[in-house]
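Engineer: Next come the chains, spelled out residue by residue.
There are 4 protein chains.
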Amino acid sequence: MMWTQTLSDFDDDTFHEECGVFGIFGNKDAATLTALGLHALQHRGQEAAGIVSFDGEHFNSERRPGLVADNFSSEKMINRLPGDNALGHVRYSTSGATINRNIQPLFADLSSGGFAIAHNGNLTNALTLRKELVSEGAIFQSTSDTEVILHLLAQSPKSRVVERFIDALKQIEGAYGLVALTNKKLIAARDPLGIRPLVLGKLGEAYIVCSETCALDIIGAEFDREVEPGEIIVITNDGLKSMNPFPPMPIRPCIFEYIYFARPDSRVGGKNIYEVRKRFGQELAKESPADADVVVPVPDSGTPAAIGYASAIGLPFDLGITRNHYVGRSFIEPTQQLRDMRVKLKHNANGGVVAGKKIVLVDDSIVRGTTSKKIVEMMRESGAREVHMRIGCPPIKFPCYYGIDTPDKNNLLAANYSLEEMTDLIGADSLGFLSIDGLYRAMGEKQRNPIVPQYTDHCFTGEYPTRLTDLATEPSHRQLSLLAETA
Amino acid sequence: MMWTQTLSDFDDDTFHEECGVFGIFGNKDAATLTALGLHALQHRGQEAAGIVSFDGEHFNSERRPGLVADNFSSEKMINRLPGDNALGHVRYSTSGATINRNIQPLFADLSSGGFAIAHNGNLTNALTLRKELVSEGAIFQSTSDTEVILHLLAQSPKSRVVERFIDALKQIEGAYGLVALTNKKLIAARDPLGIRPLVLGKLGEAYIVCSETCALDIIGAEFDREVEPGEIIVITNDGLKSMNPFPPMPIRPCIFEYIYFARPDSRVGGKNIYEVRKRFGQELAKESPADADVVVPVPDSGTPAAIGYASAIGLPFDLGITRNHYVGRSFIEPTQQLRDMRVKLKHNANGGVVAGKKIVLVDDSIVRGTTSKKIVEMMRESGAREVHMRIGCPPIKFPCYYGIDTPDKNNLLAANYSLEEMTDLIGADSLGFLSIDGLYRAMGEKQRNPIVPQYTDHCFTGEYPTRLTDLATEPSHRQLSLLAETA
Amino acid sequence: MMWTQTLSDFDDDTFHEECGVFGIFGNKDAATLTALGLHALQHRGQEAAGIVSFDGEHFNSERRPGLVADNFSSEKMINRLPGDNALGHVRYSTSGATINRNIQPLFADLSSGGFAIAHNGNLTNALTLRKELVSEGAIFQSTSDTEVILHLLAQSPKSRVVERFIDALKQIEGAYGLVALTNKKLIAARDPLGIRPLVLGKLGEAYIVCSETCALDIIGAEFDREVEPGEIIVITNDGLKSMNPFPPMPIRPCIFEYIYFARPDSRVGGKNIYEVRKRFGQELAKESPADADVVVPVPDSGTPAAIGYASAIGLPFDLGITRNHYVGRSFIEPTQQLRDMRVKLKHNANGGVVAGKKIVLVDDSIVRGTTSKKIVEMMRESGAREVHMRIGCPPIKFPCYYGIDTPDKNNLLAANYSLEEMTDLIGADSLGFLSIDGLYRAMGEKQRNPIVPQYTDHCFTGEYPTRLTDLATEPSHRQLSLLAETA
Amino acid sequence: MMWTQTLSDFDDDTFHEECGVFGIFGNKDAATLTALGLHALQHRGQEAAGIVSFDGEHFNSERRPGLVADNFSSEKMINRLPGDNALGHVRYSTSGATINRNIQPLFADLSSGGFAIAHNGNLTNALTLRKELVSEGAIFQSTSDTEVILHLLAQSPKSRVVERFIDALKQIEGAYGLVALTNKKLIAARDPLGIRPLVLGKLGEAYIVCSETCALDIIGAEFDREVEPGEIIVITNDGLKSMNPFPPMPIRPCIFEYIYFARPDSRVGGKNIYEVRKRFGQELAKESPADADVVVPVPDSGTPAAIGYASAIGLPFDLGITRNHYVGRSFIEPTQQLRDMRVKLKHNANGGVVAGKKIVLVDDSIVRGTTSKKIVEMMRESGAREVHMRIGCPPIKFPCYYGIDTPDKNNLLAANYSLEEMTDLIGADSLGFLSIDGLYRAMGEKQRNPIVPQYTDHCFTGEYPTRLTDLATEPSHRQLSLLAETA
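Protein chains in written order, with my numbering: chain W, 1 to 487; chain H, 488 to 974; chain F, 975 to 1461; chain S, 1462 to 1948.
A couple of the hints might just be wrong.
[What the hints assert, rightly or not] Okay, derived cross-link-like pairs now, PhoX-like style, lysine-lysine, Cα gap no bigger than 20 Å in a straight line:
id: 1; chain 1: F; residue 1: Lys1332; chain 2: F; residue 2: Lys1347
id: 2; chain 1: H; residue 1: Lys672; chain 2: H; residue 2: Lys689
id: 3; chain 1: S; residue 1: Lys1732; chain 2: S; residue 2: Lys1592
id: 4; chain 1: H; residue 1: Lys645; chain 2: F; residue 2: Lys1176
id: 5; chain 1: S; residue 1: Lys1747; chain 2: F; residue 2: Lys1176
id: 6; chain 1: W; residue 1: Lys344; chain 2: H; residue 2: Lys689
id: 7; chain 1: S; residue 1: Lys1747; chain 2: S; residue 2: Lys1819
id: 8; chain 1: S; residue 1: Lys1592; chain 2: W; residue 2: Lys158
id: 9; chain 1: W; residue 1: Lys202; chain 2: H; residue 2: Lys672
[Claimed, not checked] Part of the chain H face toward chain W, derived, beta carbon under 7 Å:
id: 10; residue: Gln529
id: 11; residue: Thr615
id: 12; residue: Asp704
id: 13; residue: Gly757
id: 14; residue: Tyr761
id: 15; residue: His812
id: 16; residue: Tyr813
id: 17; residue: His834
id: 18; residue: Tyr927
id: 19; residue: Arg928
For the record, the hints were derived by calculation from the structure and aren't laboratory data. Even for Gly, the Cβ is constructed at its ideal location relative to N, Cα and C.
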């Protein structure tokens, strides 16, 4: 029966960040601060959240499907997570139903003691490694690529836990911001290219490592610096040590953090995200102006670019679409008639703004294009005379393998259609994307370096910065058919 | 132990609308459409929701604490609510813990058959009537004032249900948008002054009565007209009948629907809410300009007025505060240190926008002032040079007795302090409110009619449009000490 | 889909007692002691349980589907029920799914204050009264006949609560053991014929009123006396007062309490239940001997009579059937093959005992006969050579209207078949019932008094001791079609 | 706070069997039949239950704390467990709170495919093996000794799954009845000494392997034979294969299965359990007669021995104690006064039987003696003139390490006190145990063979039949301090 359908078809018209991580070492309210930090990182994953604390004797773990604020805000829950050191994770599941065993942090009882790990990113050789490990007798608990790291670590011939961790890191490929907790250390690592973000902060004497600065802000911690690409940080009672076991290479952070993933109030790579997004809109206005009455954002993701666009082109910025933030996990859809109202669960036209107007509709990106089509339609039904769609990034033509849940290439609108075709499909009067060079200009570069690109931008260019080992051997990274268990 | 504390202290710094109602007659997807309609009305009440359907034989009822999308979106739930006619309600609880028995629609098995009722508003003589009814032998199930209407109806000497309903309405005082469902009829009624809103729509042959037009938009229904103040509408298989059993009197809708309660994309009294709010900002800019670099809204409620203010005064509008929409019901607060981060659960300064700037901070209203103080502080910590606070309505000095949860008078900032004192308390460099006349001008009136005011505006003026019978006899409308039962 | 089926079809082959009540006044552990008392009365109703306490200020109520030990044994639950006075109830639902609103004690907020009531028994004019009350404007919360008493009380013109209660009792017909709790009193009442049992006990200074003495034993309370038929007991801080507002009439307790309902270790009417049941077996052995090797009880209900039968006839008593006590609420039954194993969820033959033997199989009663048939079959499959069935009471030919859930007359085996036919249907080699006179002899009477029978024995004789008002006007007491609401 | 206390202190006065297993291969109702089989084995473990099915493509698993009938009886649950082959387990947890990860069947995704395993028994070298495995890089999911078998299997150098399983079995010591399910096979194994029971049955073409014959009876399956000590059985679509990879040795089944663990209607080692227990009572009567009026069992465990005792000595058997079967998991105990009523949650004296009598009180065994003391006291309070306690097995002096949860030696009454002292402590007028030789005689042996005892009887003799490797190196098998995680 296809009678029920989740919002995910509709939501699939954005990219999904898979994770946010937060670790803290040396504060008596460790679990509370971790809960608050994860709450600030909630936009990076809403499917599930988990916290592991260490209380000097035991590791305590609580992992739940659902939002941080719904599961980790009670005194009762925090009391189950005693200790001065804690590690947390928010997760966006990439495939089907969330399996509870996959909720992070993952934990293993190693010969050296307990080891909890939380991962933002994706490994591109996880399946290949997993097969080898299983053939050697390893028993996996989850279907998560992160567990591969645990097994590599457990089987490392090295004796010290940090050495074993580095041993494991050297065998993996892909993108990661990792934070781990042992009975004596908080350990953090960022992939050598710096694809995924990771920052270091301080709250009094306590150290914090987390995915974005907004998680420092919420607890009043100070931003110290970014964890360097390839850097491993080890925090103990004796302070912080840093090492970098990888050969030097040019960094290449994911540009989509700037376009969509990161929170507007975060600073990534020294840049305020919101200001960058406004500049995307400003560049877009220069490259792709429109003769219109008003600039309307697709809220909330398109708002900063729309503000930039409006100011650059000199048109009024106005809220022609109201967004409903009370959206749950899914909504039923009994009939074709009702199917068409899916977009209305989140968005409604504000007739007072758009009726009789020529509007520029600004969004951050187009993935499948299904939402754009509905929104344009909604604008016209509310009386917009003309609808000019403008997109604050270049056309997305290639899927991501670094921890972002993207549709297959044949579901990416720009991978399959020309600009003219897309304009027709979406039903707009005109359609404009930011150019690659415009994108790099907004980032403060003169232009994209074609030899050594400054950013990971494969979704636009197809140039992947690492090997894609699993992809070469496996048709899909979703073929793990483990035990299905409810609860 | 006061170790945990809910967000409500903090949230109390807004007014809370108590309810939204939605009824539909004559569509085979009645329960689904009601769930969608309630989802669109979710801003009017987030504590609980309920739907009653009639399937030609039985009334079916499901009532749950929590959000519509979390409880009424599954096929399983909708299958429990068969029938072509349905009635729904979203609720904001005014006192302490939600008691499940109070979740509406309420239901009674009368001698004439089943009768379900949903109510937006508040009766000002409910306690007085309840005492009389109990002394005559009535047994109440809930502590809700709405149940008084059921008992008046049950005990009416009239024989027909509509006559009995009118009989009941004539005995009650206060504000209401009511929708009721019997085995043959959908009945709606709006209070004679039109204090609470109620609109009529059509979807094909089906009739809809609901609190706001946004609930019509979400299901693709057409707005027909407002239910008139004092009008009773009876919908059966034979169509719609209208009657108005009250003596004619000047209407007086609640002005706070325009300021805060209604959704920006709704039309109330023929006006687009968002446009009215922008005009509040424009009038405010005229009355209370500021020498500044940028206009920053307190999101989301202050955004329309900020846009209006910025355009009128000719300053850039910019998002200096990021709002986190993933806020759950409560968050712990173990220490004084953590207490101060409450405001950060929802709001974070966007340093890139405010640092080094003179800013105008625009909000829709000030109730207790606790949030304003924190936000001003947050702006300063992020480097704002000057903070000029501007409020899109007059000072709130009097509590509400018409279905809005307001603090006691001694917790209303403007009821207790002068403008100068308030400026100091909030920590702003300057503070400006919209005047009463500015408010009326923005509403399209020349000025407030002092004899017969065009709107219910007692929160600013202290002029209550109806008798306050209970208040005269009872110190508080929260003194009902019924059986405490956990769900 | 009839794929699932509850055990109830199978369980319907016994009578079901509908309730047990327990009230205590004046002990600081009132809720704990009530929970323990209800646990001892669990055999009288397993569907749901509830406790109301009064803490000097508020009434507190917790009502749950399921067993007492599963719901009322935690510190957390007991802490929700503070106070020195408490009232509890266990319930067997007579119809379909349990509706949570029907779980007792019921509560009403009367003009005189809160009033909680728990009822064991059934009113035979409840529907008739309910119709009158509803036509006068009463709103019912439940479908329970007990609520009629609350409304009669609420509408009584008398001023004092005890007078109003007596006023209500004078209008009802049927069988009842009632206990009620107000903010100052514990009130108990037993029907004028003493059909349902009710006993009075003391624990230190505290008074207890409950259905059976086993509930006194479990808390170490002393049995004081039975509540007299027609007696109303009022317990306050000043002690106990007794009154009997009914005209004197010969008492007539339900004889089925002795045969099946009461726990074997309880004393009812001055008699030890277990000893009476052994005497049923002894009389049965005299009236209906069998030539056999061993006497086997159908456990647990048939065990006392089997012990009596074996000792009287001089045969060994042996456990030829093992009973599994871990039976839940229902068990699936996907195929015809599986349907036949229903009886095995509870009972299994003990081959070591019955193989090759001539056995006398003793049970307390036969209702539908379906279990008896299966058990006889099970005995034969395990190698019994002959199976002589003996029943410790007369043939049941008439349904009950006094609070016992009985099948319709056409499902009562003995109402439709001769002894010979029943023997054939059950598949036994012989079948014998205790005679009416044997039954009365075992009770210590010379014989049944045909003019004024000493016991309520209508299930055997068809002689009902009260008027059956509802039955005269209503085809079924199950026709209430109120609002269906899931918990 | 010690305010709440579980029944377990009280229940600890028996031994606890830890598990029951049930596997079926080749029936379309596999999960239903497994649920029924586990229900029949519920006496072997009430803490948790689990079922894994294989549907030809996927393994499906459902594991729940609580009773089988409460969790595995719904159509919904059974529908989650499709397939013709299934494996189930009931569990009694030995330590503290049940950890959900420990609920069996356990599952691993091996290189050869999925492998589910269920275990009744205990390994005596599990901790030693676990340490080795962890030091080699194995990551354990549970604290269960059973998982050791999974890792040994995963790491076996052999290629075929049966060979790898045998490889694992050869490394473990202790007692086990094991059943495993792969995507092609049902595999069973019994420990070489046959300490734990395991039987083979057939239902049409389907094979069943389970702990006791009562699980065959409930589904109407035929008992085929016992699985031989040391035998490995492999069932595929091609039928059953048997092998025995262990050197021949004299078998030595656990004698406590006959005394307490097995259900009375099961046949173990060719003997009907109930008949054996009656013979224990008969031998006891010969060895330890008493001058009394009546023989009273401690129900239900003492009932068969009491029947045997009564018939051998020629005294009437009578039910002087009523047992309440509705006992939940725990019951609160706020005060000392209430503490003494713990025993009454399960047992109540039947005054009609014991008052004024000299009674022989028969129980199956004495562990801590706390229950015996309470029951003797209860008999005296109900008026028993003399209480002669008789126990249907020898004094228990040594703990068990083969899957039975026993108290430490210093909590075993008979390990610390003389007969005279025990008589005093219990408060009986006399106390008698069955002798070791009486025990063996009742088992049909002439006497115990002191060189090669016919049964595992270490609880009486201290002679353990296997090495106790962990005990030699570890003070306690409960010292695993893994991650604590709430479900």
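Engineer: Each hint should be assessed against the structure and marked as holding or not.
Structural biologist: Right, here's what the structure says about each hint:
{"no.": "1", "hint": "F:Lys1332 to F:Lys1347", "verdict": "holds (17 Å)"}
{"no.": "2", "hint": "H:Lys672 to H:Lys689", "verdict": "holds (16 Å)"}
{"no.": "3", "hint": "S:Lys1732 to S:Lys1592", "verdict": "violated (41 Å)"}
{"no.": "4", "hint": "H:Lys645 to F:Lys1176", "verdict": "violated (53 Å)"}
{"no.": "5", "hint": "S:Lys1747 to F:Lys1176", "verdict": "violated (45 Å)"}
{"no.": "6", "hint": "W:Lys344 to H:Lys689", "verdict": "holds (18 Å)"}
{"no.": "7", "hint": "S:Lys1747 to S:Lys1819", "verdict": "holds (19 Å)"}
{"no.": "8", "hint": "S:Lys1592 to W:Lys158", "verdict": "holds (18 Å)"}
{"no.": "9", "hint": "W:Lys202 to H:Lys672", "verdict": "violated (64 Å)"}
{"no.": "10", "hint": "Gln529", "verdict": "holds (4 Å)"}
{"no.": "11", "hint": "Thr615", "verdict": "violated (36 Å)"}
{"no.": "12", "hint": "Asp704", "verdict": "holds (5 Å)"}
{"no.": "13", "hint": "Gly757", "verdict": "violated (11 Å)"}
{"no.": "14", "hint": "Tyr761", "verdict": "holds (5 Å)"}
{"no.": "15", "hint": "His812", "verdict": "holds (4 Å)"}
{"no.": "16", "hint": "Tyr813", "verdict": "holds (4 Å)"}
{"no.": "17", "hint": "His834", "verdict": "violated (9 Å)"}
{"no.": "18", "hint": "Tyr927", "verdict": "violated (19 Å)"}
{"no.": "19", "hint": "Arg928", "verdict": "violated (18 Å)"}
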